[in-house]
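S.K.: Single-letter residue listing:
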Amino acid sequence: MSDSIIRVKALHKSYTNGNNSLHVLKGIDMDIRKGELVSIMGSSGSGKSTLLNVLGILDNYDEGSYYLDNILISKMNETKAAQYRNKYIGFVFQSFNLISFKNAMENVALPLYYQKVSRKKRNNIALEYLERMGLRDRAYHLPSELSGGQKQRIAIARALISKPKIILADEPTGALDSQTSSEVVEILKEVNQTGIAIIIVTHENEVANQTQRIIRLRDGVIESSKINSAFDIEHIKST
Amino acid sequence: MIDYLEEILSTLKKNKLRTIMTGFSVAWGIFMLIILLGSGNGLQNGMEFNFRNIAKNAIQVWPGRTSENFEGLGKGRRVQFTNEDYDLIKRDLPGIKDITGRLRLMSDVAITYNDEYANYTVTCVMPEFINIRLMEVVKGRFINHIDIKENRKVITLSQYIVDMLFKDIDPIGKYVKVGGIYFKVVGVLENPSYKQSKAAIIPITTGQKVFNGANRISSLAITTTSNTAEGNKRIEDEIKAFLAKRHKFSASDDEALYVTNTLEDFKRSQGIFNGIRMFVWIIGIMTIIAGIVGVSNIMIILVKERTKEIGIRKALGATPWSVISLVLSESLFITAFAGLVGMLTGMGLLHIASVVLSNIAEYNDKIQFIFFNPSANFGVAISATILLVIAGLLAGFVPARKAAGIKPIEALHDE
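Top to bottom, those sequences are chains A and B. The opening position of the first sequence corresponds to residue 1 in our numbering, with each subsequent residue numbered one higher. The opening position of the second sequence corresponds to residue 1 in our numbering, with each subsequent residue numbered one higher.
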């Protein structure tokens with residue numbers, strides 16, 4: 001369907017380690033529409049991290065097809081992969097993954113550096129995004145001087161600055177307390193309202209229950225893909 | 001561009017001590033190279049200074065005593081050159097450019113002007129002498145062929161003697177008594193190698209007549225038309241053979257003649273210095289290689305430490321080339337900066353040495369014959385710079401490849 005931002009068909013991936021081969025993804029079919037807010041759940045070893053890596057063009061797959069915005073993502077060289085990532089995908093990680101010797105503004109601006117935007121310009125844009133996150137006054141702080149919640153908000157700002165088509169969040173609340181977790185999820189929901197599809201890998205039900213659809217992974221296949229009824233009610237309530 | 005530099009500098013600033021220690025070995029290598037090359041140049045300049053006062057392709061011959069029996073004649077005979085030797089060599093032997101006989105009087109002669117006098121060695125020569133034993137005519141002129149033809153009593157004196165006898169008075173046209181006989185001063189000379197040389201030179205024919213020299217010559221001095229070592233050697237051999245025949249001694253008799261072949265000596269010294277220079281380059285390069293390995297080592301460690309950061313960059317859109325150029329430019333920066341420091345320090349030291357030596361030379365100009373103007377010339381600086389760039393790239397090669405090969409997923413989950 002043309003309004004799918006992600007289309008995955010019969011995806012297989014194995015990790016080969018010498019003589020051993022571990023078949024991790026055993027035929028995944030998945031369709032994510034533009035602007036959808038989806039969570040992927042599954043226990044350890046279900047393959048959810050692997051799936052996220054493939055979706056994020058951080059890893060190749062062996063069989064099947066993956067279309068991102070109708071572009072076939074297949075075994076591409078690292079240079080092209082990097083360009084695609086920069087253009088289409090925003091990442092949010094559990095451990096924030098900010099560069100420790102750069103301040104908040106520089107961290108947020110980094111994706112624009114790889115788009116060859118000039119320093120002054122990209123720093124200004126970064127400040128705008130920090131403003132939206134309510135962190136303008138922390139622009140020149142180093143990550144070590146910020147709390148977990150603040151760091152994750154900066155990471156989200158960084159993920160947004162290149163205006164990606166999708167955001168992939170890998171356990172974004174994993175390192176945060178419950179109060180901060182809710183704040184971060186709220187921000188993700190707001191971002192989603194602007195039309196960016198968001199895929200959240202999580203093991204927390206509270207987080208999953210705030211998304212439109214919950215995909216459950218088990219032993220490398222999709223066990224279920226349910227529309228979250230609670231979300232619709234929430235959605236209707238807010239409009 | 002500035003952006004790029006900013007990136008590099010921020011990383012290096014993070015580990016100041018490590019950066020400095022890494023760069024040290026490169027700086028040291030370049031420093032040693034410059035010092036050694038400069039010193040080599042200094043020694044070579046000193047050596048060449050020795051040759052300043054003589055034509056490069058001069059051959060000088062002195063007579064000795066025969067050490068072998070030859071054609072019925074015994075050994076121990078004294079060889080004596082005469083005007084005839086001069087005439088015949090000049091006329092018959094090929095490859096002779098300038099030739100002069102030189103008559104040195106038996107003992108020092110008193111040269112007097114008014115009340116000032118002192119004893120000096122008087123040398124009697126042909127006008128070509130000045131083309132062979134290079135001297136500068138500071139005032140007036142050297143002796144010429146008219147002086148020779150007319151047996152004029154004219155004399156040229158070195159600046160040292162002029163200062164002694166005449167003080168501030170202009171000596172040209174004045175008369176000095178040489179061994180009791182009046183000679184007119186026609187020129188003042190200076191030895192480019194030796195400021196304090198005491199030269200008193202008169203025409204050879206005049207000398208032979210006035211001081212009872214008959215037709216005797218003490219030595220012969222020649223410049224050749226050849227500029228190669230082989231050519232000069234050939235001419236030298238011809239002269240030796242000619243004199244052996246005329247004076248009836250064996251051509252292989254080593255003590256019958258004493259010959260100095262300037263070009264041979266010069267080329268030999270040059271050969272030694274070329275050898276030294278090559279040796280210095282080899283040592284220098286090896287030291288720099290050690291430095292490169294040091295830089296490379298540190299960069300590999302740095303890359304390992306920055307695995308997470310590089311993974312993040314890749315996830316955000318850094319292409320492999322971007323990562324490689326990041327690492328390479330860092331190593332290039334360290335190497336170039338360190339090398340520059342080494343080069344400037346080395347050249348600075350050489351400059352100081354040069355200044356100190358010039359000051360010493362004011363008092364004791366013998367030093368100029370040993371060590372003179374030690375400097376690494378521009379060509380060396382350029383070569384060293386190119387070497388540095390190559391070194392920086394080589395040093396960064398392995399670490400850069402490692403960095404490019406970092407897989408983002410592995411890097412990002414690297415806790």
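Incorrect hints may appear among the rest.
To be verified - Derived DMTMM-like pairs: lysine to aspartate or glutamate, alpha-carbon spacing no greater than 20 angstroms straight-line:
(1) 102/A - 7/B
(2) 267/B - 48/B
(3) 402/B - 78/A
(4) 102/A - 69/A
(5) 121/A - 236/B
(6) 407/B - 62/A
(7) 308/B - 62/A
Treat the hints as calculated values from the structure; they're not laboratory data.
S.K.: Could you run down the list of hints and mark each one as holding or not?
M.R.: A quick look at each hint next to the structure:
no., hint, result
1, 102/A - 7/B, "10 angstroms, holds"
2, 267/B - 48/B, "11 angstroms, holds"
3, 402/B - 78/A, "14 angstroms, holds"
4, 102/A - 69/A, "32 angstroms, violated"
5, 121/A - 236/B, "80 angstroms, violated"
6, 407/B - 62/A, "17 angstroms, holds"
7, 308/B - 62/A, "26 angstroms, violated"
Figure legend: structure checked against the earlier numbered hints; hints not met, in rising order: 4, 5 and 7.
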